[in-house]
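**Q** Here are the chains, one letter per residue:
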Amino acid sequence: MSQTAFETTAYSRRRARMSQAFSVLCLAATSLGVLVLILLIWEILWQGLPWLNARLLTSFPSMYPEKAGIAAALVSSLWLITLTALFSVPIGVGAAVYLEEYAQASRWRSLVQLNIANLAGVPSIVYGILGLGLFVRALALQRSILAGSLTLTLVVLPIVILAAQESLRAVPNSIRQASFALGATRWQTVWHQVLPAATPGIMTGVILAISRAMGEAAPLVAMGAAATFITFIPLSPIDEFSALPVQIYDWASRPQPEYHHVAAAAIVVLLTVLILLNATAVYVRYRYGKRIRW
Amino acid sequence: MMQETTIDRPIMPLRPTSFPRERPSRTADDLAGRPPKISVDHLNFYYGPKQALSDVTLMIPQHCVTALIGPSGCGKSTFLRCLNRMNDMIDNTRVEGEIILDGRSILGPKVDVVALRKRVGMVFQKSNPFPKSVFENVAYGPRVAGVRGKSVLYEIVEKSLVRAALWDEVKDRLNDSALQLSGGQQQRLCIARALATNPDVLLMDEPASALDPASTSRIEDLIFELRDRYTIVIVTHNMQQAARVSDQTAFFYQGELIEAGSTNELFTNPARKQTEDYITGRFG
Amino acid sequence: MSNSVIDVAPHGRFGIEGQAVRPRRWGEQVIGVALFGCALVSILTTVGIVIVLVAEAAQFFREVSIWEFLTGTEWSPKLENKFGILPLLCGTLLVMAGAAVIALPIGLLSAIYLSEYASSSVREVVKPVLEVLAGIPSVVFGYLAIVTISPLVRTIFPSAGVFNAASASIVVGFMVLPMVVSLSEDILRAVPRSLREAAYALGATKLDVTVKVVVPAAISGIVAAFLLALSRAIGETMAVALAAGNRPTLTINPLDEVQTMTAYIVQVSQGDTPAGTLEYRTIFAVGLALFVTTMFLNVLAQWFVARVREKYE
Ligand SMILES: Nc1ncnc2c1ncn2[C@@H]1O[C@H](COP(=O)(O)OP(=O)(O)OP(=O)(O)O)[C@@H](O)[C@H]1O
Ligand SMILES: [Mg+2]
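Protein chains in written order, with our numbering: chain A, 1 to 294; chain B, 1 to 284; chain C, 1 to 313.
Mixed in with the good hints, there may be bad ones.
[As the list claims (entries may be wrong)] A short, non-exhaustive set of chain C residues, derived as facing chain A with CB atoms under 8 Å:
1. R25
2. E28
3. V33
4. L35
5. A39
6. I43
7. L93
8. V129
9. I146
10. F174
11. L177
12. I283
13. A289
14. F291
15. V292
Don't read these hints as lab results, they were simulated from the structure.
We treat Cβ as the ideally placed atom computed from N, Cα and C, and that holds for glycine.
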């Protein structure tokens with residue numbers, strides 16, 4: 001053999017080329033996701049921005065696309081996410097605290113944990129069916145904002161619980177030990193030390209959950225709760241309601257292209273609210289996250 | 001955890017007491033004459049199936065410093081955590097035997113562990129201040145015990161910080177985050193925090209092992225000063241430190257208490273071969 | 001010695017009259033029970049889902065045999081009283097399969113790129129983009145499907161209808177893509193460095209290392225990620241209801257209009273069907289089928305996740 005082992009051969013060059021090609025393939029795949037997002041946002045702005053005006057925000061649904069607006073839907077959605085947050089945060093954080101700080105390692109705890117993981121994978125429309133059977137019919141709440149937000153609470157509860165658990169787990173054990181060693185009770189330890197330290201993470205999870213609740217249409221449609229022709233502003237939790245994503249669904253499903261424009265304009269509003277929510281999450285994480293460094 | 005037994009051992013076989021001692025130990029007679037603050041009787045401790053302490057019997061006299069020494073994993077921390085029931089926090093543990101504090105058993109389900117921990121303070125190996133202000137750290141214990149009122153709390157905080165020899169360094173920065181203090185200051189803060197609940201026993205698990213020599217020596221001075229007011233139990237890997245600060249020393253090996261006695265005696269004239277091997281660094 | 005101030009924190013509750021008795025801390029106990037109650041809500045949710053679905057579905061199956069439901073090839077509850085779920089199931093699986101064709105390979109390749117090739121600055125751009133993509137509501141994708149994707153599909157395949165499974169598949173594929181990427185990337189990153197280095201030391205190229213070492217080592221986790229994505233695709237509702245259409249069809253042609261289980265539930269719910277009728281109960285029967293299918297995939301995924309855990313712990 002005249003070659004030394006360090007020289008490139010045709011074979012090794014081909015292998016290197018294939019490796020190169022593969023990396024380009026991977027890059028292309030990754031870019032696709034980014035491209036789709038850009039396409040989506042561009043389409044929506046293109047279609048929706050010309051129709052986005054004050055009338056859209058202040059009018060009710062209408063037979064005529066140029067008169068249709070999202071006043072009722074937007075107010076309903078704000079009602080829904082407020083109540084959903086009010087219900088899901090205490091219950092979700094409570095469950096997480098129970099699992100992380102109170103329950104001993106046991107079969108019961110693994111069961112609850114497994115159950116939560118499964119609930120996170122249940123399609124949201126199934127929660128809608130539960131809401132229909134339980135809140136709308138059995139508890140006779142009718143198609144009220146209350147029934148809607150209770151349903152959404154069940155949808156987002158696993159998200160809140162899992163996020164809160166993760167933040168609780170990130171709190172170092174030494175803090176708990178220090179607190180217990182000073183004669184604090186379990187709840188004092190949780191309330192004064194563990195929860196404050198976990199708050200930024202919990203807040204991020206909560207905002208994620210609220211964003212999800214804001215965008216969910218399926219459970220509301222399934223529970224029959226979202227009437228499309230709500231031509232009033234819902235003022236109390238027992239009022240009937242619409243919801244922004246449900247309104248968008250209705251408009252998008254119509255054949256007239258004008259309605260598609262109204263739908264796009266409403267989507268711009270929906271996405272704006274979502275961006276605001278997430279910006280809050282980023283701010284919270286930045287503001288309170290950097291203060292504590294273990 | 002991963003510490004080798006060799007790390008903190010004296011480099012040369014030597015009798016640490018041959019160093020000049022500026023703080024006199026209590027003598028064996030003095031120790032014997034004192035009432036026991038804590039007496040541990042035939043203590044067994046299990047982590048699940050694994051036995052970590054077997055048949056430990058030890059008297060801890062009042063207003064003395066008791067040092068626990070022994071190779072890594074021999075059960076020193078476990079023993080210490082039995083004394084304020086911190087082991088309750090760990091799932092699947094079991095304890096047998098008896099621990100008496102001031103004439104009363106502290107084991108058993110009926111004991112109020114919360115009240116117990118107010119009387120038996122603890123300082124950990126790694127300083128663990130709360131991510132709050134210096135003031136809030138020290139005030140936390142009294143607060144959770146129900147003490148209200150800023151001025152009362154302030155007095156407790158000041159007094160505790162003075163006793164922990166930290167007051168002069170932090171009196172102008174009580175509202176700064178405790179995490180900004182240096183490692184040595186943080187550890188003294190943790191001591192102050194433990195003192196603020198007015199305990200009569202202070203448990204210290206390698207309180208100086210993460211500190212530089214200067215901070216270590218400050219902590220040792222502090223321990224000596226606190227001796228007259230508190231009963232102190234300290235775990236250390238550092239034989240010289242045990243010799244310097246303690247009145248009584250207990251040597252643990254593989255979950256058993258091999259030997260305990262006055263520090264002077266144990267270091268100059270150990271009764272057991274294992275003890276001698278360990279303190280002279282000829283171990284294993 | 002004035003010890004009085006420090007003694008404000010008293011020894012009070014410990015050992016009154018020589019007895020070390022635990023005081024009853026009512027507040028603590030109430031809180032403990034309340035927290036337990038919170039955790040119980042999650043169990044009750046599952047129980048609630050099962051009871052509601054099974055109770056109404058049982059009523060349904062009193063009038064329609066389970067056999068007919070599972071094997072019937074026509075679904076026309078309103079007009080012809082035909083209750084064969086196969087067309088709905090077929091529509092669901094068709095959309096799912098299409099979504100899988102998009103999401104699984106692209107997702108895995110992206111995950112490989114992010115974990116093996118990308119610099120941290122690229123990752124810092126791509127990961128938030130994927131998070132945003134994951135956070136976009138289903139209806140928005142549905143809108144994109146009918147307004148943009150469907151016309152595109154019809155330009156390429158003139159035989160396609162306005163509503164077709166393909167456009168639904170495409171958007172659902174991109175909806176579940178972020179999930180595939182982030183789950184798979186986590187798994188790939190968990191593969192120990194030493195394994196990669198061992199392969200490099202033997203003269204392997206990056207392609208060899210990735211395909212022959214890293215991916216095989218992470219395969220259980222990747223399968224779990226795929227299964228979860230399939231489950232998500234099956235449960236996907238609004239986008240599919242908008243794009244795939246509302247005609248239950250037993251077909252494997254992605255250009256046909258189909259109806260998925262979820263879309264059917266939406267259709268009936270919108271129609272203001274009176275409670276207690278057979279049509280109303282179809283919601284629960286189809287819901288039960290949907291629940292069982294997704295639950296099966298989720299449990300299977302968790303089984304694979306458990307296998308990963310065993311390996312690394
Ligand atoms: N939480 C636990 N669960 C199970 N076993 C434990 C636990 N903590 C300690 N052990 C075991 O109990 C034994 C005694 O541990 P301990 O921490 O008391 O040793 P130590 O003497 O303090 O060691 P070191 O000097 O390294 O701190 C060791 O074998 C250890 O592995
Ligand atoms: Mg230890």
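**Q** Compare the structure with each hint and give your call.
**A** Status of each hint after checking the structure:
A distance limit of 8 Å between C-beta atoms decides the matter here; for R25(C) the minimum to chain A is near 6 Å, and the interface restraint holds. About 5 Å separates the beta-carbon of E28(C) from the nearest beta-carbon of chain A, less than 8 Å, and the hint is met. Annotation: V33(C) was flagged as interfacial toward chain A, and the flag is violated, the nearest CB pair being 10 Å apart, outside 8 Å. At a threshold of 8 Å, the smallest CB-CB gap from L35(C) to chain A is about 4 Å, leaving the interface hint in force.
A distance limit of 8 Å between C-beta atoms decides the matter here; for A39(C) the minimum to chain A is near 4 Å, and the interface restraint holds. For I43(C), the interface hint holds, since its Cβ comes within 8 Å of a Cβ in chain A; the closest pair sits about 6 Å apart. At its closest, the beta carbon of L93(C) sits 15 Å from a beta carbon of chain A; the interface hint therefore is violated under the 8 Å criterion. Contact between V129(C) and chain A, as hinted, is supported at the beta carbon level, the nearest pair being about 5 Å apart and thus within 8 Å.
For I146(C), the shortest C-beta to C-beta distance to chain A is roughly 6 Å, which falls under 8 Å, so the interface hint holds. With a cut of 8 Å, the hint placing F174(C) at the interface with chain A holds, because the nearest CB-to-CB distance is about 5 Å. Because the beta carbon of L177(C) sits about 6 Å from the nearest beta carbon in chain A, less than 8 Å, this interface hint is met. Nearest Cβ of chain A to the Cβ of I283(C): about 6 Å, under the 8 Å cut. The hint holds.
For A289(C), the shortest C-beta to C-beta distance to chain A is roughly 11 Å, which exceeds 8 Å, and the interface hint is violated. With a cut of 8 Å, the hint placing F291(C) at the interface with chain A holds, because the nearest CB-to-CB distance is about 5 Å. Hint status for V292(C): violated, given a least beta-carbon distance of 10 Å to chain A, over 8 Å.
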